[in-house]
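Here is what each chain is made of, one letter per residue.
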Amino acid sequence: MTTEVGSESEVNKQAEQIGSGAAQEKPDEEASESQQNASLEPEEEKRPVSPTASKSPRSQKKEKDPSESRGISRFIPPWLKKQKSYSLVEAKDGVERKEPTEAVVEEPIVEKDESLPEEGRVAKGDAEEILERKRQDVKVDEKDEKHSVSSAETQPAKEDSKEIEVAKVEGIQEDKREGETAKRETKEVQTAELKAAQKVSKKLKTVPCKVMLLDGTEYSCDLEKRATGQVLFDKVCEQLNLLEKDYFGLLFQENDQKSWLDPSKEIKKQVRNLPWIFTFNVKFYPPDPSQLTEDITRYFLCLQLRQDIASGRLPCSFVTHALLGSYTLQAELGDYDPEEHSSDYISEFQFAPNQTKEMEEKVVELHKTHRGLSPAQADSQFLENAKRLSMYGVDLHHAKDSEGVDIKLGVCANGLLIYKDRLRINRFAWPKILKISYKRSNFYIKVRPAELEQFESTIGFKLPNHRAAKRLWKVCVEHHTFYRLVSPEQPPKAKFLTLGSKFRYSGRTQAQTRQASTLIDRPAPYFERTSSKRVSRSLDGAPIGVVDQKEISGPAGDVSVYGPGVAGQGIFQDGDGKREVRSPTKTPQLQFTTEGKKNSLRVEGENIYVRHSNLMLEDLDKTQDDILKHQASISELKRHFMESTPEPRPNEWEKRRITPLSQQTQGSSHETLNVVEVKKQAEVGKEERVITEGVNGRDKVPPGSDSGETRKVEPLTHKDSPSLSSENSSSSSSESEEEDVGEYRPHHRVTEGTIREEQEENEEEVEEEKEEQASKVVQCMEAVPEASSVKQITVETVQENVVSQKSSGEKSLKEGDKQDIREETEEEQHKVNGEVSHVDIDVLPEIICCSEPPVVKTEMVTISDASQRTEISTKEVPIVQTETKTITYESPQIDGGAGGDAGTLLTAQTITSESVSTTTTTHITKTVKGGVSETRIEKRIVITGDADIDHDQALAQAIKEAKEQHPDMSVTRVVVHKETGVEEEEE
Amino acid sequence: MAALGHLSTFGRVTHAVVRGLPESLCQHALRRHKGDEVDFARAEREHQLYVGVLKNKLGLQVVELPADESLPDCVFVEDVAVVCEETALLTRPGAVSRRKEVDMMKGTLENLQLNIVEMTDENATLDGGDVLFTGREFFVGLSKRTNQRGAEILADTFKDYAVSTVPVSDTLHLKSFCSMAGPNLIAIGSSEPAQKALKIMQQMSDHRYDKLTVPDDVAANCVYLNIPNKGHVLLHRAPEEYPESAKVFEKLKDHMLIPVTNTELEKVDGLLTCSSILINKKVDL
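Read top to bottom, the protein sequences are chains A and B. The first sequence runs 1 to 987 under the UniProt record's numbering. The second sequence runs 1 to 285 under the UniProt record's numbering.
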C-alpha cells in the first residue's frame, strides 16, 4: 500500500539509458583520440617543467602508441596501453587482460615506497619513468591514479602525475628543485603542522594503522602515507578473507562522532589525528541476510549485530535477547553439553546491555533446544530473527524538529525514519524524497506532494552542528544509492562559484554486490567462530570443513537466483561490447576492479575468479560511453585551448608544502579568514567561453569549481554510474570535509539519462586542461595559485602579460578589440543547450541557476551589495566580538589589473553563500583593458568558529578553496581578521 | 522456536481472557454519546455468545473473570492490557474510573506466566483499544484515552517492533474504525477519519498491508484468529447489524467467518475486539 512501485521501472530506465548512452558515445572516441595526439606537441613545448618529467611521458606515449595500435587497441586510451605494456601481459580478450594488469599494478605500489627515496632526480630511461609514474599513481590514491591515468590519455593529466613525482623528489633532494619556478606556489595555505607531517612522511613513507575488527581483535599494518581508504579497507577484507565486502566499512572517531572513512579519498585527508585507528563495521545491513552468498559474510554480520545488541544500539525485548543469545551459544559452542557447559559457561558472553540471571537461564534453556544446528545454521537463525527487529539497520542521528523538539532521524534501507523517543512519528520512503540537502547545521528533505497535495514540501531538521548535518546527509546519500540504485550516481560537478559537497557514494550498490556475489564460487573459507569469548582466532583461508561447505551451497544458490534480475542488466549488456575502450574517466573503476581481483586472486587461486573479473569488467564497460564523451569533449576543448599544461590536482597539498608559502597565505594561517581577495586577469574571450561551457552540457567548464575535490570524488563516481545528476547537487566549497552545504537528489538521476554524466565528465576534462594552463602560469608566476587550474581565469599583472602572450599566439581571436563579438561567437560554439552566458551583471547568477536549476534556494543568494550579505550572515550567526586582529597582505601586483589602467567595466556581480561555519561573499567584477580582460574577485569569507573547527584548518581550506575555484587567478590580497568572542552557535 | 514476527504465526491464539458484565454498565459505563439504553439481558446474551465462540467453537482456553459492579466498563478487557507474544503490558487506562480494572488483570496474566510490564508512569495513559498490532509493528492511536507517553512505554515494552503513532480525534479509539482481518490485512472503515488514519499508517510502515474497506467504521472492528485445523478465522459483525459491511467480509473466501452480534455493547462504545485479550501461549515452553 504504502510503498513505492517505482523502483523497478526506474531501474529499467537506467539500464536503457546506459545502453543508449553507450551507443552514442562510441563514434566520438576515435576522433577525440586523434585530436589528442595532435595536440600533444604544442603542449609539450610550452611546458617549462623539469626536463625529465616533461619529456619522458610524452615520448613514451608516442613510442608505444604505434606498436600497440592495432585492432582493439586503437580504441584503448593511451594510458591503458601503457599499462598493458608495463604489465607485459597483453591478453586478447578483455577479461584476461585485466587481471594480470591489476595484479601487477598492486605490487608496484609496494615497491614504490622504498624505491622513491632512493631514486635520484636524474633522468631515467623513459620506460623507467613510466613505471615509476605509474606506481606512484597507483599507490597514492585513487584520485591520483585516476588522474595519472587520465593524464596518460590527455596531456594535462600526465603532467600532473609528473609533478607529483617531482614534488616527492623535491622533498628528498631539495637542491635540484631550485630551478623550477613552477613549483613555487604561492598558495601556502597549509599550516605548519601539515608541512611537518609531510616531511615526516617523506622520510617514513608509511603510517602505522590499527583496525579494530568485529571479533575484538586488532589488525595492524603500515600504510603508505597517502593511501586511500580503499587501500586499507581492502587490506582488512583480505585479512578477514571477506569477499562480500560492500556491506562493510571503516569507522574512525572524529571529535566525539564516528564517521565513515571514504574509500575514495586519502586517509590522511580524512583522519586528522595521527594514530590511525579504525573500526571495521557493517555499514549497510543487508535487509535479507539469507541472500548473502557466504557464511563468512553472515558471520561478520552476526558479530556486528551481537555488538549492536549488547551495546543497546539495537534494542530488543527480553525474549529476543534470550533467543538471539541462544543462537550465539549454539554457533560458538555447538550443542549444549551438560557436562561441558557448567552453570556459568554462559557468563562470559554478553547478550544484552542489562543481562540478568533470568535472561541467562532463558538463554541456556533455549540453547538446549538448538541441538543439531551447525554454526552456520545457528548464525542464519540468529540473523533471521535479528533482521526483523525494527531498528535493524537503522542509523540514528539526533536532531531537533522545526519546533525544537528532540527527535532522531533514522536512515535505513527503505528511507528516512523520524523518531521521537522510541516512537516512530514519521517516515519518508526513498521514493518520496526528491532532494536531500544540508546547509550549515540544518538538514532538509524535499518530499513529493502527497496524494491530494499539489506542492512539494521541504522539511527541515536541526542537527547539533554542521558536521552532524553533513554526516547525516552523507549517510543518506550512501544509503539511498546502495539500496535503491542499480549503480552509483556521479558526483556533481562544481559550478561556477558554487558551494557544497559533491560527495557521492562510490562503492558498489546492493544490486551490484549481489550480482558480484553470485559469481563467487570459491569453496567456503574456513573460519573460527570464537568472537564472543575473545579467543584469538585464526584467519587463514584454509579450505573448508565439510560442514561449512554444505551449508554454503544452500544460500549461494538462492543468491544466484536474483542476481540477474536485480542487478542492472544494463550494466552487463553494455559491458560486453565496449570492453576494449577505456577512458581516463574509468580509471576509478579500474582500480576498484583491480583490487577486487587482487583479493580474489590471492585468496583463492587464479582460476576461480575469471567470472568475477568478468563482472567487474562489465561494470567498467558501462562507463566507456562516458569516456568517449570525455574524449570528445576534450578534443573540442583542446582545439580551443591549445596552450595548456596539466597540473596535478590531487597533489595540490604536496605542491604547497614544497613550494614556498605565499605571503598572503601565511597570514591566513592564523585564525579567522575574513577577507580573501583574489584578482585575476584573463582574456575576455576565454572567460566567456568558460562560462558558457559551464552552462552547457557539452563543454561545460565550471569556472568556480574546486578542482581538488571534484577529482577526488569523481573518480569513484565515474566507475559505475550510469546515472547522474550532478548538476543538481552542487554547491560547494572545495574541501569535502568542510563543506557546509550539500545537496542530493535521489530521483533525478533515476529519471535522467546519461547525458548529464557526459557533461560532468566534460567538465572534468576541461578542468584538466585548465589545469594545464594554470600550471604554465604557475611556472612563471609566484603568486599564481597552483592548486587548480581553471583556464578561464586569470593571472596577475605579471602573469597577465604572460598569459596574453600565450593567448595571443595561440588564439588570436581573443585578443582582438571586439571582445564581445568574439565572446559571443565562442559562446555559440560551445553552447549546447542554448544557454548564453554574457558578461552581464545578471548573467552569472542566471547561469548558475540554469545549470543547476534545482539548487536549494538558500544556498545561493545573489545580492548586489556586499553589506547586505554581511547582514545576512550576521543574522544567522550572531557574533559577539570582544577582540579582533587583522592581518593584511597585499601583493605588489595588485594594482596591475585594477589600479593602473582602469579598464572598462564589463560586469559586476556578487554571490553569497553560507554554511554553518563560513559565509562566503564573492564579488566579481570584470573589466576590459585593451583587449585583455581582467576579472577581479573579491571573496569575503567569514568563518564562524565553533569549538569543533580548527581555525587554521578552516582558514587553510578556505584559501585553498578560493584558489581551487579560481585556479588561474592570483591572490593579491589577503586580510585575516580575527574576532574572538562569544559566538552564538548551536554547536 | 519463537521467531520474531513470523507472519505465519500471526493470529495464533491459545488463550483468551474475558470478563463478565456488571449491571452498572447500563447506567454508568462511559459512552461518548447519549443514546439508547443498554438492554442488559441482551447484552449479556450477546456476550455469552461471543465467549462461546471463543471457547467452544474455536477451542481456546478462556479465562473468565467475574464482573465488578464498581467497574462499569470492566467487560472491555482489551483496554487494560496489551499482550504480544510472551509479554503483557498492563496499561494505565485513560479513563480514571477504569484504572482499577487493571488489578485483576494483572493477577490473571501472571498466572498465565507472561512477562508482566506495568505502566507506572503517572503521566502515561494508554487504552488497549488504541493499539493495533499488525504482526510486524504497532500502531498506537493518540486519542483522548492514550497519550504520547503511554505510547512510549509501549514502545519500550515491545522493543522488537516499530511503534508508530496515529492521531485519533474523531473516535474513541484507533480500533474504533479498524483492526486486523488477517495477516497483513487491515480492515478499515470508509469514513474520512478512518481513511486518513489508514494513510498515515501506510506512510509510517515499511510494509505494505492489504486493506479491506468496509462501509461501516464500527464493522471494521473484527477479531482475527489463526486456529490450528481451522485456519483463518474472523469474527465480524452480523449481517443484521451491518449488512453492507458483512457483504464485504463474506468476500474473504479463505476465512472461516463467524458473524457476531454486538448491538448492546456498541451503545457504550464496545466493539468486538474490546471484550477479550487474546494470548498465544507456547505449550512447549
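Accuracy of the hints is not assured; some may be wrong.
Covered stretches of chain B (chain A as the covering partner; in silico rule of three or more C-beta atoms under 8 Å from a C-beta of chain A) [unchecked claim]:
| id | region |
| --- | --- |
| 1 | 82–89 |
| 2 | 143–152 |
| 3 | 159–172 |
| 4 | 202–214 |
The list that follows gives simulated cross-link-like pairs (lysine-lysine, PhoX-like), each with its CA atoms no further than 20 Å apart [stated by the list, open to error]:
| id | chain 1 | residue 1 | chain 2 | residue 2 |
| --- | --- | --- | --- | --- |
| 5 | B | K230 | B | K196 |
| 6 | B | K253 | B | K55 |
| 7 | A | K362 | B | K282 |
| 8 | B | K230 | A | K362 |
| 9 | A | K408 | A | K420 |
| 10 | A | K205 | A | K235 |
| 11 | B | K282 | B | K55 |
| 12 | A | K225 | A | K235 |
| 13 | A | K368 | B | K282 |
Here are some, though not all, of the chain B residues that point toward chain A, as calculated from beta-carbon distances under 10 Å [to be verified]:
| id | residue |
| --- | --- |
| 14 | E64 |
| 15 | P66 |
| 16 | K100 |
| 17 | Q113 |
| 18 | E137 |
| 19 | K281 |
What the hints contain is simulated information worked out from the structure, not anything from laboratory work. The model shown is predicted, which means the values in this text are computed figures rather than measured ones. By construction, the Cβ of each residue, glycine as well, lies at the ideal position given by its N, Cα and C atoms.
Structure-based check of all given hints:
1. 82–89: holds (count 3)
2. 143–152: Coverage by chain A holds here, the residue count being 3 at a Cβ distance below 8 Å.
3. 159–172: Contact hint for the region 159–172 of chain B vs chain A: holds, 7 residues under 8 Å.
4. 202–214: That given contact holds, which follows from 10 residues of the region 202–214 of chain B lying within Cβ reach (below 8 Å) of chain A.
5. B:K230 x B:K196: violated (34 Å)
6. B:K253 x B:K55: violated (24 Å)
7. A:K362 x B:K282: holds (14 Å)
8. B:K230 x A:K362: Violated, at about 32 Å.
9. A:K408 x A:K420: Between K408 of chain A and K420 of chain A the Cα gap is close to 6 Å, so the pair holds against 20 Å.
10. A:K205 x A:K235: holds (17 Å)
11. B:K282 x B:K55: At roughly 18 Å apart (the allowed maximum being 20 Å), K55 of chain B and K282 of chain B satisfy the hint.
12. A:K225 x A:K235: OK: K225 of chain A and K235 of chain A at ~15 Å, within 20 Å.
13. A:K368 x B:K282: Holds - the C-alpha atoms of K282 of chain B and K368 of chain A are around 16 Å apart, at most 20 Å.
14. E64: With a closest approach of 27 Å, the E64 of chain B hint is violated.
15. P66: violated (31 Å)
16. K100: violated (28 Å)
17. Q113: violated (13 Å)
18. E137: holds (7 Å)
19. K281: violated (13 Å)
In the structure shown, a violation is registered for the earlier hints numbered 5, 6, 8, 14, 15, 16, 17, 19, in ascending order.
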